[in-house]
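Protein sequences, first through last, are from chains H and S. Residues in the first sequence are numbered from 0 upward in steps of one, following numbering that gives the first Met the number 0. Residues in the second sequence are numbered from 0 upward in steps of one, following numbering that gives the first Met the number 0.
To be clear, the hints were calculated from the coordinates, so they are not data collected in a lab. Computed from a predicted model, the values in this text were never measured in an experiment.
Capping the alpha-carbon separation at 20 Å, the derived lysine to aspartate or glutamate pairs in EDC-like fashion look like this:
#1 S:K50 with S:E60
#2 S:K50 with S:D114
#3 S:K50 with S:D62
#4 S:K50 with H:D66
#5 S:K50 with H:E45
Covered stretches of chain S (chain H as the covering partner; in silico rule of three or more C-beta atoms under 8 Å from a C-beta of chain H):
#6 34-40
#7 43-57
#8 73-84
#9 100-108
Label-pair distances were calculated between CB atoms; the ranges are:
#10 S:R92 with H:E17: 34 to 44 Å
#11 S:R92 with H:D55: 38 to 48 Å
#12 H:S1 with S:R92: 18 to 28 Å
#13 H:E88 with S:R56: 25 to 35 Å
#14 S:D83 with H:L83: 15 to 25 Å
#15 S:E117 with H:L83: 31 to 41 Å
#16 S:P124 with H:G84: 21 to 31 Å
#17 H:F33 with S:E59: 15 to 25 Å
Don't be surprised by glycine CBs; every beta carbon is placed ideally from N, CA and C.
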Amino acid sequence: MSTERAVVRALLERLLAERGLPDAILFGTQQEGFLLPGVAGGPPIEALSGFALARDGTVYRFWLAWDGRAQRHVLQPFVPLDSLGALAEDPEYLAARRQLQDHL
Amino acid sequence: MIRWLLTLLLLGTVASCAPAAVPAAAIADSADEIAARAVWAPGELEEHYRKHPDGYRSVEEYDRGARETIRVGTRFHYRDTQTDAPRLGFYHRETNRFTGLTGDGRRITTHFRPDRGERYVRGLPGSTYR
Numbered sequence: 000m001s002t003e004r005a006v007v008r009a010l011l012e013r014l015l016a017e018r019g020l021p022d023a024i025l026f027g028t029q030q031e032g033f034l035l036p037g038v039a040g041g042p043p044i045e046a047l048s049g050f051a052l053a054r055d056g057t058v059y060r061f062w063l064a065w066d067g068r069a070q071r072h073v074l075q076p077f078v079p080l081d082s083l084g085a086l087a088e089d090p091e092y093l094a095a096r097r098q099l100q101d102h103l
Numbered sequence: 000m001i002r003w004l005l006t007l008l009l010l011g012t013v014a015s016c017a018p019a020a021v022p023a024a025a026i027a028d029s030a031d032e033i034a035a036r037a038v039w040a041p042g043e044l045e046e047h048y049r050k051h052p053d054g055y056r057s058v059e060e061y062d063r064g065a066r067e068t069i070r071v072g073t074r075f076h077y078r079d080t081q082t083d084a085p086r087l088g089f090y091h092r093e094t095n096r097f098t099g100l101t102g103d104g105r106r107i108t109t110h111f112r113p114d115r116g117e118r119y120v121r122g123l124p125g126s127t128y129r
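Please model the complete structure; the sequences and the hints are all you need to start from.
What follows is the structure in structure tokens.
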């Protein structure tokens, strides 16, 4: 696992835990081409969008972003989906569902 | 017996090193078909436009730009950084526009103008862009 990938993964896990979802499963993530400040003074990291599948089956869409006022990384927006729409048949969503079932 | 076990071991090693399979639909479908059929997940089109307006004047124009990039751009494959999921990409050098999709080409994952142009798409994990 590359250093940036590991750093971003740890950051996402921490931010999800802060929202009460420590064991949510990430899927459908996508690099977004612009840089955010690094973690703990490290090199900049790339913004990212994606989805998190919670234990109760709720899917949240999110962006990894930077809150300039609070000077910290945030998941903003972080929105539960009322309807899955195109995600319902998405192979990455279905794989995340299987992973969740294996963990339960 | 030993030969048989070695063969099994070799096959297992080759299989585990193989790149993630790219869904056949993404290979067979034309860019026009993908551009016409691909969808955004709920809320994603509006959010991506908000984050990457990139000179587009409306959500509708941004969506048209994403689809036009599929039609006229260079097709390539790459992988998602966090999950290693296969991704299908289209990059149009003349306008410096990039559209990313899921590996089966059915869902648009992003659209933007990379700051570093071609170097950005070439540097994506596992990028086949040349």
